[in-house]
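**Student:** Chains as they are written, first to last, in the numbering used here: chain A, 143 to 518; chain B, 143 to 518.
Hints may be right or wrong, so weigh each one.
To be verified - Below, computed lysine to any residue pairings styled on SDA-like, alpha-carbon distance capped at 20 Å: (1) Lys265/B with Arg278/B; (2) Lys428/A with Arg181/B; (3) Lys246/A with Arg371/A; (4) Lys428/A with Ala210/B; (5) Lys428/B with Thr499/A; (6) Lys428/B with Leu444/A; (7) Lys428/A with Ile415/B; (8) Lys428/B with Leu446/A; (9) Lys432/B with Asp407/A; (10) Lys428/A with Lys432/B; (11) Lys428/B with Gln429/A; (12) Lys428/B with Leu509/A; (13) Lys265/A with Gly188/A; (14) Lys432/B with Pro476/B.
Claimed, not checked - Computed beta-carbon distance windows for the label pairs: (15) His346/B with Pro418/A: 36 to 44 Å; (16) Pro418/A with Glu206/B: 38 to 46 Å; (17) Pro282/A with Lys265/B: 33 to 41 Å.
None of these hints come from the bench; they were simulated from the model. Built from N, CA and C at the ideal position, the CB exists for glycine as well.
Number of protein chains: 2
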Amino acid sequence: MNAQDRVDAQDRVDAQDRGSAESWLRLGLIPGLGPASLRRLLQHFGSPADVLAAASAAVERLLEPSAAAAFRQGAAAAAVETALIWLEQPGHSLLTLADADYPKLLLETPDPPVLLYVCGHVKLLGHAALAIVGTRSPTPRGAADAQAFARVLSDAGLTIVSGLALGIDAAGHRGGLDGASSSIAVVGTGLDRVYPARHRDLAHELAERGALVSEFALGTPPIPPNFPRRNRILSGLARGCLVVEAALRSGSLITARQALEQGRDVFAVPGSIHSPLSKGCHWLIKQGAKLVESAQDVLEELRLPAPAGMRATAAQSAPLGELAVLLEALGYDPVDLDTLCLRAGLTPDAASAMLLTLELDGYLDRLPGGRYQRRR
Amino acid sequence: MNAQDRVDAQDRVDAQDRGSAESWLRLGLIPGLGPASLRRLLQHFGSPADVLAAASAAVERLLEPSAAAAFRQGAAAAAVETALIWLEQPGHSLLTLADADYPKLLLETPDPPVLLYVCGHVKLLGHAALAIVGTRSPTPRGAADAQAFARVLSDAGLTIVSGLALGIDAAGHRGGLDGASSSIAVVGTGLDRVYPARHRDLAHELAERGALVSEFALGTPPIPPNFPRRNRILSGLARGCLVVEAALRSGSLITARQALEQGRDVFAVPGSIHSPLSKGCHWLIKQGAKLVESAQDVLEELRLPAPAGMRATAAQSAPLGELAVLLEALGYDPVDLDTLCLRAGLTPDAASAMLLTLELDGYLDRLPGGRYQRRR
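Bound conformation, chain A alone (with noise of 0.2 Å):
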């Protein structure tokens, strides 16, 4: 293929491109059209241009009524043109849940959007990510935390989801940043909108480095229903939830609570409890959430290794004197107390204590039974 051909190939794609986007957003943006009712049209008719080229008596026959009169209304014919401009800015894209690109898992939620406005480095959203969410208004210690833990994860390879809010939000995007893996943003307006308006550098700065997501239409302004309901795409393309300071009664406990739906692990660091802002981590913690002191804890729940420098700062030194005699007489299969006692000439009072060192030193594990294995 010569130079010029390449380039009519690649002005067949785009205009290709550009009509499938264009049968996308003429679905896609018709009010009162949810995701639950368009996916069930894609379903039945195949691709968006199908289902436009339908029978309109048999579309709306898969609708209900008011579904139906959205559909015979239609998507503004303005709406759909100032999307098309807006994708062919750089740096803008679309995912329909058709793509290669759509995220999995998001695509295995319940309720996955139909349309992803994109704004930034889309592959990103295809990254292992942890959702980092909390407080607007947390203490300096929880913000610093959350930047903290969110720079470590980024370093272990996990991309940090948040939502561009005030607080916890921005801290775990500036960590998620400042670490390998980046981070992204999904907000609750059209991505041609910044709310709230003073995260305008913080947006600039994930649309250069990092993504911003969307499934709401160009110019759909801050209200409060939306807010909710993009919690679910923001735990959605996560494998977990990490909440850093939440008061009861949050937004924050409705992102958490989504996950949990979603199957997602959901973390949880603890404070005192006297803060207000601790009362929604300690409430998912009781309610089965994981609670975790360090993103190492975090990782190891998800199963990931630490980075390097990490792993050294965490690496144990070797047990000294009794307690290597006593490691010594475990040996690699499970003991229980009584034949350790007499392996190490020990007193089940003095074994018991020193077991219970290594065990938190991470030597061995406790099993059932009373009986002990050595892990290192």
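Once you've looked at the hints, dock chain B against the given chain A.
**Tutor:** For chain B alone, kept in the frame of chain A given last:
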């Protein structure tokens, strides 16, 4: 029965008690004969008097060589006499495995002591109890929390058991004494000694209004191996064990571990991830201990009613407006989200947020399969 007969009968009972106590002490005070060996002998021969009357060879056959040698040696007559004199003083008593007053919960543990020396209100040992343990060097906040938890739980009917150590132990005892159900100290020395010495006043108060308990002979000094051993009695007397501030590798974790092995509930108070004194509590929560933020949490887990004053504080005001409508729509049978939205005329997002609020306030339970059920 006339007055003189009553006095005579009392004397006979006292003489008989003294004789029985003497047999128990002559067995229990044999150095090097542990509770397991003693229980084996009692099981075989019946009473201590029967053991002592049996042929020496028959007894020694049942013992390991070292225990058999100890048995041949016997208890020092002076030690037995000292204990008998101690027992004659008001408020001093001896509980044996055969006593009806021997605490039932302790009896069910794997290694119940054969003899318990008690100073103070012996009946208190049969009372529902909670162990409170933690670091000897708490933060002021931690000590205040321990005392406040203990006070409320004592008022709620739980006698507070702890180890008379500095720090959290002392705070637990003081809170227990302040409340309605008093406190018990399980000590690692003989009851004629107070360790640490600066707790002389606290020990005196416990003897007056609570109890002090030890399995160790009078005169036993504070030696390290006796303290972990003492912990099994501490947790064995209680229905659960609450840990307030504990470092990793601390004695409190050994007590909590023993409580778990005895099938008790273990509760831990969380704190900052940057506080070394919260690391032990966090470790326990990761191992399955219950995170508690209040005495109310402990009572709920133990299915005990809160004291009247606390119930009033904890009672929620009735939900208002839309929440009341949703609660009304919910009824008292399990309902799924779609049905609920139809009934209440709400979107799923709005209903989800409101359901979370109602769940947090204890108005409903979330059932498996995404259904909800009203609780009150």
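**Student:** Run every hint past the structure and note whether it holds.
**Tutor:** Results of checking the hints against the structure:
| no. | hint | result |
| --- | --- | --- |
| 1 | Lys265/B with Arg278/B | 29 Å, violated |
| 2 | Lys428/A with Arg181/B | 41 Å, violated |
| 3 | Lys246/A with Arg371/A | 19 Å, holds |
| 4 | Lys428/A with Ala210/B | 51 Å, violated |
| 5 | Lys428/B with Thr499/A | 16 Å, holds |
| 6 | Lys428/B with Leu444/A | 15 Å, holds |
| 7 | Lys428/A with Ile415/B | 17 Å, holds |
| 8 | Lys428/B with Leu446/A | 18 Å, holds |
| 9 | Lys432/B with Asp407/A | 19 Å, holds |
| 10 | Lys428/A with Lys432/B | 7 Å, holds |
| 11 | Lys428/B with Gln429/A | 13 Å, holds |
| 12 | Lys428/B with Leu509/A | 15 Å, holds |
| 13 | Lys265/A with Gly188/A | 25 Å, violated |
| 14 | Lys432/B with Pro476/B | 27 Å, violated |
| 15 | His346/B with Pro418/A: 36 to 44 Å | 41 Å, holds |
| 16 | Pro418/A with Glu206/B: 38 to 46 Å | 59 Å, violated |
| 17 | Pro282/A with Lys265/B: 33 to 41 Å | 53 Å, violated |
In the structure shown, a violation is registered for the earlier hints numbered 1, 2, 4, 13, 14, 16 and 17, in ascending order.
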